[in-house]
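There are 2 protein chains.
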Amino acid sequence: MSDFISWVSTHQSRFEEVLKRLLPQADAMPQRLHAAMRYSVLDGGKRVRPLLAYAAGELSGAPVERVEIAAAAVELIHAYSLVHDDMPCMDDDVLRRGKPTCHVEYDEATALLVGDALQSLAFQLLSEHRLNDDAARQLQMVKLLAVASGSRGMAGGQAIDLASVGKQLSLPELEQMHIHKTGALIRAAVLLGAQCGAENNRGNLTQAQLDKLDRFGKCMGLAFQVVDDVLDSEADTATLGKTAGKDADNNKPTYVTLLGVAEAKKMAAELHRDALDALTEFGAAARRLRELADFIVMRKY
Amino acid sequence: MSDFISWVSTHQSRFEEVLKRLLPQADAMPQRLHAAMRYSVLDGGKRVRPLLAYAAGELSGAPVERVEIAAAAVELIHAYSLVHDDMPCMDDDVLRRGKPTCHVEYDEATALLVGDALQSLAFQLLSEHRLNDDAARQLQMVKLLAVASGSRGMAGGQAIDLASVGKQLSLPELEQMHIHKTGALIRAAVLLGAQCGAENNRGNLTQAQLDKLDRFGKCMGLAFQVVDDVLDSEADTATLGKTAGKDADNNKPTYVTLLGVAEAKKMAAELHRDALDALTEFGAAARRLRELADFIVMRKY
Chain A
1 MSDFISWVST HQSRFEEVLK RLLPQADAMP QRLHAAMRYS VLDGGKRVRP LLAYAAGELS
61 GAPVERVEIA AAAVELIHAY SLVHDDMPCM DDDVLRRGKP TCHVEYDEAT ALLVGDALQS
121 LAFQLLSEHR LNDDAARQLQ MVKLLAVASG SRGMAGGQAI DLASVGKQLS LPELEQMHIH
181 KTGALIRAAV LLGAQCGAEN NRGNLTQAQL DKLDRFGKCM GLAFQVVDDV LDSEADTATL
241 GKTAGKDADN NKPTYVTLLG VAEAKKMAAE LHRDALDALT EFGAAARRLR ELADFIVMRK
301 Y
Chain B
1 MSDFISWVST HQSRFEEVLK RLLPQADAMP QRLHAAMRYS VLDGGKRVRP LLAYAAGELS
61 GAPVERVEIA AAAVELIHAY SLVHDDMPCM DDDVLRRGKP TCHVEYDEAT ALLVGDALQS
121 LAFQLLSEHR LNDDAARQLQ MVKLLAVASG SRGMAGGQAI DLASVGKQLS LPELEQMHIH
181 KTGALIRAAV LLGAQCGAEN NRGNLTQAQL DKLDRFGKCM GLAFQVVDDV LDSEADTATL
241 GKTAGKDADN NKPTYVTLLG VAEAKKMAAE LHRDALDALT EFGAAARRLR ELADFIVMRK
301 Y
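As they're listed, the protein sequences go chains A and B. When you line the first sequence up against my numbering, it's residues 1 to 301, in that order. When you line the second sequence up against my numbering, it's residues 1 to 301, in that order.
Everything labelled a hint here was simulated from the structure, so no lab data went into it. Do not take every clue at face value.
[As the list claims (entries may be wrong)] No farther apart than 25 Å at their CA atoms in a straight line, the calculated lysine-lysine pairs in the DSS-like style are these: (1) B:K265 with B:K218; (2) B:K300 with B:K46; (3) A:K46 with A:K167; (4) A:K143 with A:K99; (5) B:K218 with A:K143; (6) A:K300 with A:K266; (7) A:K143 with B:K20; (8) A:K212 with A:K99; (9) A:K20 with B:K143.
Using the sequences and the hints given, assemble the complete structure.
In structure tokens, the structure reads:
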């Protein structure tokens, strides 16, 4: 097992324990809601955003106990968006991470509340734990996640997605959609992970460095989506753990329908290179971020 | 026109302008989502929570420009909960504040995203504007709203509500539901309004004083719900601006079905008295809070 695979596996396990601890216990009132929240978040996913936060935290020397709180906040936003996305009025999907989706396992009303409560919990985590010695800077971190989640971030990307069904999008339009829908949270994961820490830490980053990291996050967010579209067009449902070929079936534009598989793969490779370029000045400290970039582009599921 | 009615009217108008300014403009991308967000928030409601925040701010001498940002955050959470509550999988209601509900005027998917994005915007407002000279204290304000909104607050109350349909609840169980569902946000409005300000302001409150205010908010939250149930059982749809008698029709327990109208009115009067008792030590500074308490209990719609 390579050192990187071991790092991923260790951090995925560690993060699962963090989530188990931070989510409301299933026997706490209201039990059904709390059980459904745990069902929707635990035991699933590659935890790409948390891994990026851990890796960005290593780059800046941020304490891992802080980084994983920020990572959990980002992952709860991601998890809530999946729960709402799968509902009948959105994508109407029955399978997620190899399990019945939340509204299938529970019911629609519960799924709606699960998403709502997970979003609240994300902001609770970012505000109740000390994540930066400078509270004013931590407020900026809260704002960063709020903007990334809202109508000019993830939720806005989903609205653009809704409006695009059955339409012929141009490549720039498709890019705009994904920069919001997937990209915003991936960038937030990187930036939040890097900013956890003491104000005068050796690891504290300049604005120019944060801009480089943001550039890395932006490229990786797009690359992630392009690779997703390629995998969705090539893989089968069992491997993906979610319904394959669904976007094309739903007449949603994808990088593959727009560019073809070969060009889409080339685009992913270019974004990968741009992402790595943005890390140049960080040297050895950015090792895990580089390895994650490779992992995200090379993955098979 | 009495001085209090004039105060209410002035602050309602002022607050409407605040919301218009803080909500994304309808011509900003994605336009349909932003238009639907404005449709769901503007031009409706008595603004009870913002009025409580303004009144609590007057009690502590907090700058009104800060108080109304906090008030807007609370009102956006309230507005999002109404949008989601009205959806077919929850209460399936078509009328709200005399207008078609969001999913009727737009569509279900948009209504889902409107609620999600309004919640994000609430936390954006609380973190991007300076609301207290002490940033650490402001982080605690963010936490307060997150807890009040989440699975142990408003969303949790809605889950208890869902579970109670068709069941015979005891009075303590009904109270637990409403303390979460309606009460949590009303308490948050009072506490956030009072905490906006400079750390060493003359108006800064002791923990004991905040506890008194919390007691006031708790009593008013329950009183508000009891009065709502009484009005719902007596008024007609045109006066309420929403579908009347709906809870009883849906076989949901209410204070009126549990206690009868006369006892419910008596309970509201007792809660009103308890609320006023909690304000005793504040003297003249709590004048607007007292008047609002009267208004909430005496209202006819």
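Results for each hint:
1. B:K265 with B:K218: At roughly 17 Å apart (the allowed maximum being 25 Å), B:K218 and B:K265 satisfy the hint.
2. B:K300 with B:K46: Distance of about 12 Å is within 25 Å: holds.
3. A:K46 with A:K167: The hint is violated at about 31 Å.
4. A:K143 with A:K99: 33 Å, violated
5. B:K218 with A:K143: 29 Å, violated
6. A:K300 with A:K266: 16 Å, holds
7. A:K143 with B:K20: Holds. A:K143 to B:K20 sits at ~20 Å (cutoff 25 Å).
8. A:K212 with A:K99: Judged against 25 Å, a Cα distance of about 38 Å means the pair is violated.
9. A:K20 with B:K143: OK: A:K20 and B:K143 at ~20 Å, within 25 Å.
Figure legend: structure checked against the earlier numbered hints; hints not met, in rising order: 3, 4, 5 and 8.
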